[in-house]
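There are 2 protein chains.
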Amino acid sequence: MTNNSFEANARDNKTRAYDDCWLRLDGIKDSSFQKNYRRCLESVYCKADTRLAKTALNELLSGLTRLTGSSPKVVDDPESSCIILSILAFDKEIDSALATNEIAKLQPEGFLIKAVKDNKGSKIYITAKTDKGLLYGVFRFLLYLDQQKEIGKLHLLENPKNPIRMINQWDNLDGSIERGYAGRSIFYQNNILTTDMARVKYYARMLASVGINAIAINNVNAHKEETRLIADKIHMVKEINDIFRDYGIRVFLSINYASPIDIGGLSSADPLDDEVAKWWVDRVAYIYKNIPDFGGFLVKADSENRPGPFTYNRNHAEGANMLAAALKPYGGLLIWRCFVYNCQQDWRDLTIDRAKAAYENYHYLDGSFADNVILQIKNGPMDFQVREPVSPLIGTMERTNQMLELQITQEYTGQQRHLCYLVPQWKEILDFDTRAKGQGYPVKKLVNGSTFPMKHCGITAVSNIGTDYNWTGHYLAQANLYGYGRLTWDPDLATETITEEWIISTFGPKQELIDTISKMLISSWPIYENYTSPLGIGWMVNPDHHYGPSVDGYEYSKWGTYHRADFKAIGVDRTVAKGTGFTRQYRKDNYLMFENIETCPEELILFFHRLPYTYRLKSGKTIIQHIYDTHFEGVDQAIRLKEQWEKLNGMIDEKRFSHVLDRLKQQIDHAKEWRDVINSYFYRKTGICDIHSRKIY
Amino acid sequence: MTNNSFEANARDNKTRAYDDCWLRLDGIKDSSFQKNYRRCLESVYCKADTRLAKTALNELLSGLTRLTGSSPKVVDDPESSCIILSILAFDKEIDSALATNEIAKLQPEGFLIKAVKDNKGSKIYITAKTDKGLLYGVFRFLLYLDQQKEIGKLHLLENPKNPIRMINQWDNLDGSIERGYAGRSIFYQNNILTTDMARVKYYARMLASVGINAIAINNVNAHKEETRLIADKIHMVKEINDIFRDYGIRVFLSINYASPIDIGGLSSADPLDDEVAKWWVDRVAYIYKNIPDFGGFLVKADSENRPGPFTYNRNHAEGANMLAAALKPYGGLLIWRCFVYNCQQDWRDLTIDRAKAAYENYHYLDGSFADNVILQIKNGPMDFQVREPVSPLIGTMERTNQMLELQITQEYTGQQRHLCYLVPQWKEILDFDTRAKGQGYPVKKLVNGSTFPMKHCGITAVSNIGTDYNWTGHYLAQANLYGYGRLTWDPDLATETITEEWIISTFGPKQELIDTISKMLISSWPIYENYTSPLGIGWMVNPDHHYGPSVDGYEYSKWGTYHRADFKAIGVDRTVAKGTGFTRQYRKDNYLMFENIETCPEELILFFHRLPYTYRLKSGKTIIQHIYDTHFEGVDQAIRLKEQWEKLNGMIDEKRFSHVLDRLKQQIDHAKEWRDVINSYFYRKTGICDIHSRKIY
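Chains as they are written, first to last, in our numbering: chain V, 3 to 699; chain U, 3 to 699.
Check the hints yourself; a few may be wrong.
Because identical chains share one entry, a pair is satisfied inside a single copy or across any pair of copies.
What the hints assert, rightly or not - BS3-like, lysine-lysine: derived pairs with alpha carbons at most 25 Å apart:
no., residue 1, residue 2
1, Lys697, Lys570
2, Lys75, Lys122
3, Lys697, Lys580
4, Lys560, Lys674
5, Lys560, Lys667
6, Lys75, Lys151
7, Lys697, Lys560
8, Lys280, Lys330
9, Lys94, Lys116
The set of hints was computed from the structure by calculation and includes no laboratory data.
With the sequences and hints as input, model every part of the structure.
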């Protein structure tokens, strides 16, 4: 089994400097259980021989070896095999063992895992219509086994609920990562590829194991060196694509809209200029000549000082469609980010509201985009704050391909020094009812294309990984990457289910571990919100790096990010009645809900309304007292996180135990900083005392 | 005259990418005047032949060529020469033409320039006791001529009033400059010397022309590459020293206190460890072997995360004396910065006062330092703010060599985008009466060693130059470098005198130019103060880069920089009676002056006292109204600066005219930003309206 020994051996390879995350597959400590597994899983039959099918087989073999402690045999006779790995319509006899109605339910990326009893005993079929589906089936099977569940009655039929399940790397070629908190890029250093492409392969495995099928491999802010990826540095893309291809992941590039000028020697990048269009056609041809299965482009245009069609008085449909046309013959996609707003705003100007920007820039273009263009829309109207309403673009564009953009990397949520598990936040977003056609149209049903027909759609997110041995800086932040992948596959999965899966795969199946870590993870976002940003305010962070409190940090800035706090009130009024009218961008029911202070969700009340500090919330507390209380409580909760973790001492290996403990200690210190700065700021501004007379500076 | 044609020709050399500043020597446009000059200055006699004397002769020849439009002859017979350049005691006959009592007054770096009539007509003697004095005499003579003054009765005897007149470059080897606002380093790029050492030579000329005699050529924060300057990169220092030597400027290096560990392979940098001391002895021997006239070290230790003796529980006398001992045999000096404070302060802790740090760290060590150690003391107790009191260390240490540290680069004063002429600020500092031995002991008499005897003392400052064609970013910021040099030579010079000299040398002698630019320069610091930081508060700037307003930018930080503004009061109480007791660090008369709110200078009142916004200043205005008024006025004044400049259109070449105009426009915009942020902040916090109902946001 020389082919398959790589992964099994790799664990013992002292030179590997990184953690196996949820693919460690070492959860089974019970030897009788393991023995039973070994017996039922001792042989594999697989005749499919595409590259992806080979990946699937190799993953299965090495995964089973790790799980059972013994390498399965690969057998030539399906009759004598415990496991049948097959692509449908390849071997009719094998197909016939499965129910036709089930097979009919399978979509191209779906899989069926089924234990079938025949006269010779029990067999496990892992089958799919494509080799990609087969790979997902294998990973699902392995992670299922890792949960130590019964396999005798195994019966899983799954199709991914989103066509595109994507990751955005904000990696720069120099090796830095924009908003990266886990070391340097695993892809690049010094403008070339790193010497450790094995790590990139491992990352591809991790992503595929949770169903990710697309990746943009460089920062949306594409600068000089990155622009060369579509020219003389194409070999770098090719090398990365060769790795991801084997895991069913399509590779995309973030491009510089001004490439025709910057590397093409043209004087313009006007999308309606024939010469420019021709340049892109040639460029795309060049890329596909090198990489026939290249995914397409991701574009950040006219945003935060990046070039774009606005320079030439063209709208974004004109800007995008020109590129889409170049990609179209090859099946390439053009993903266009809607994060476009005025980043040179005068803070004195009360008439502009950045929250309105995405809708204003894109809504009127609904129906104007080519069918291989996808709009990538950030979950909220601002920028990945701790708490934001859902973007009003989602649910109001009916004839445009759309993709939801989330942020796994914790830019505004503690930068992987604080514990902040984002699955609960994402669930809230995905479940938010857009009222697109009345009640019952949550975001997840918009971006999967089931509400309004879309040719391409799905979910994407900014990655949180880097060269840190544990990939994500904070060890527990791995759960965010895992959870993100699982949610893109199935947004209906319960937070608790995802959380438990991850904990077992990572720390094993001990109930106390599951209970404690699950509780810690699921409470962590509300805790972070408590000691940081109250009631939907946002932006109370230090400029640029976005870590730590600075209440006025973005208040007098050009970024359109204001709370307008004075001695008596705080918040921007975004109502139609008295404010910027942002609320009107939503479907009517949501507009009325946010517009009306009585029905506006309180956790967002200062996002939509400007209120005096003495306004009483439904809890009976004034806003100022709510600020004080949540900030004191948040710190107490952070302290309890550490106490919970300490109880796990001895149940987790020392390295991981003390790593997490150290981060939790840092979190407490920094939570106190947040508490004291926020409370002091508002006390100093309002002169209103805490009714409990706690220490405010 | 091949030797001397270099400078004269250089002006026409299109390849020179930089401005001649005050050494352009092209002020004489009046042709009859020029003709007269030419006649009186047509020949030079000089027999001195040291390198410095040769520099002096060459500078004289090329300078006269530029001034008169004709190259003087070098003659062998003093009798037939118009100008006699001589070092005293070299030629008795020449000496005898000068009065003995005058010669007696000359100190080693001084010079005598005298027009002497004999039977053959008038001769000009430029004479000194050393070749260095001769060089200063030549530059003084040239700049005197450039002012188009009469030469018939020329009679100048000058000695510098400060022994050390130094410049600190905060240049890093990678070519960046810490707090540099005029491009990159003229010395370094990519960790080697730049390819344009001619520019370094020109800088040496500029510095020597205003009397500078020492320079530290790298940033006080010496990191990895800079540490190598005392090891395998010594050749870089040697090359720079070869240039500065010819202009009488001693070269110093900023060193890394942890060098014995970082490059020496030792496990400690403990100053009392024999092995460490031995390492430095060897290192210093190595440096002097390469550079026999090396100046010595400048050290920033135990400051802002730099290593130092505190690591080993040694005080700073122990830390400095060890290095001084190594330098002593070669006549080297050890300059030790007193900018030492706790930069990890908890902002909640009201018991610590950063202003007290320098005194607390050094005053008790008075008399403990070796006689070749000099303490370098920043002018104020904080850090080059727009307005600070003078450091209480100056005037209270009686048995320690001291040097005043100023900052020419405009870190907190507009970063050479705003016009802020600092000579008036420096004059105030130099003239501040320390009361060291009663009335009449201004700072300038402390740091020149005339109040308490010092073996080494003087003034140093952080340079403001870089690779920008005009050296200083803002063209008019050249005046700060010029003015600084002149003040180190003679702190008694009037601001108006220095300013006029610089204007004439730079823009010519037209009276309207002199009047307008002089008025602009001299009013600029108070204007900048008006629209930025009121009443001695300081630190209301954006963190890190220090440009632009952020009232709370340093409020909740670790840097010890707080205004503690709340809804009713602002300022830190530094009195003995109710505050941190900082006032007590001054001599008694000053202590009482600052302690008492009635006698405390109002421009510093919020530095020393915490006061309610409703406190009435002597003007009758409340503090809050004073804040509003000065900020509105400051902007109006900035607008007037531009209007004044615009009147000079046509009197100045277009390039310089429009450059300065552009900066002045930027200044107005940015002054408005300052005004509106500061006023809005205080209005939002206090709720107190402007009595004139002007627009506050």
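| task | Could you figure out if Lys75 and Lys122 sit no more than 25 Å apart (CA to CA) within one copy, between two copies, both or neither? | result | For Lys75 and Lys122, only the intra-copy Cα distance (18 Å) is at most 25 Å; the inter-copy one is 117 Å.
Pop the pair Lys560 and Lys674 into one bin, within, between, both or neither, using alpha-carbon distances up to 25 Å. between (29 Å within a copy, 14 Å between copies)
- Message: With identical chains, the pair Lys560 and Lys667 could be close in the same copy or across copies; at 25 Å between alpha carbons, which is it: within, between, both, or neither?
- Response: between (35 Å within a copy, 19 Å between copies)
Could you figure out if Lys75 and Lys151 sit no more than 25 Å apart (CA to CA) within one copy, between two copies, both or neither? within (23 Å within a copy, 104 Å between copies)
Practice problem: At 25 Å max between alpha carbons, let me know whether Lys280 reaches Lys330 within a copy, between copies, both or neither. | Solution: within (14 Å within a copy, 73 Å between copies)
**Item:** Intra- versus inter-copy proximity for Lys116 and Lys94 (alpha-carbon distance at most 25 Å)
**Value:** Classified as within: same-chain Cα gap 17 Å, cross-chain 115 Å, threshold 25 Å.
### Query
Within a copy, between copies, both or neither: where do Lys697 and Lys560 come within 25 Å Cα-Cα?
between (34 Å within a copy, 19 Å between copies)
Taking 25 Å as the upper bound on the Cα-Cα distance, should Lys697 and Lys580 be classified as within, between, both, or neither?
between (37 Å within a copy, 21 Å between copies)
- Have a look at Lys697 and Lys570 and pick one of within, between, both or neither, based on CA distance no larger than 25 Å. both (22 Å within a copy, 19 Å between copies)
Consistency with the previously given hints is maintained throughout, with no hint failing.
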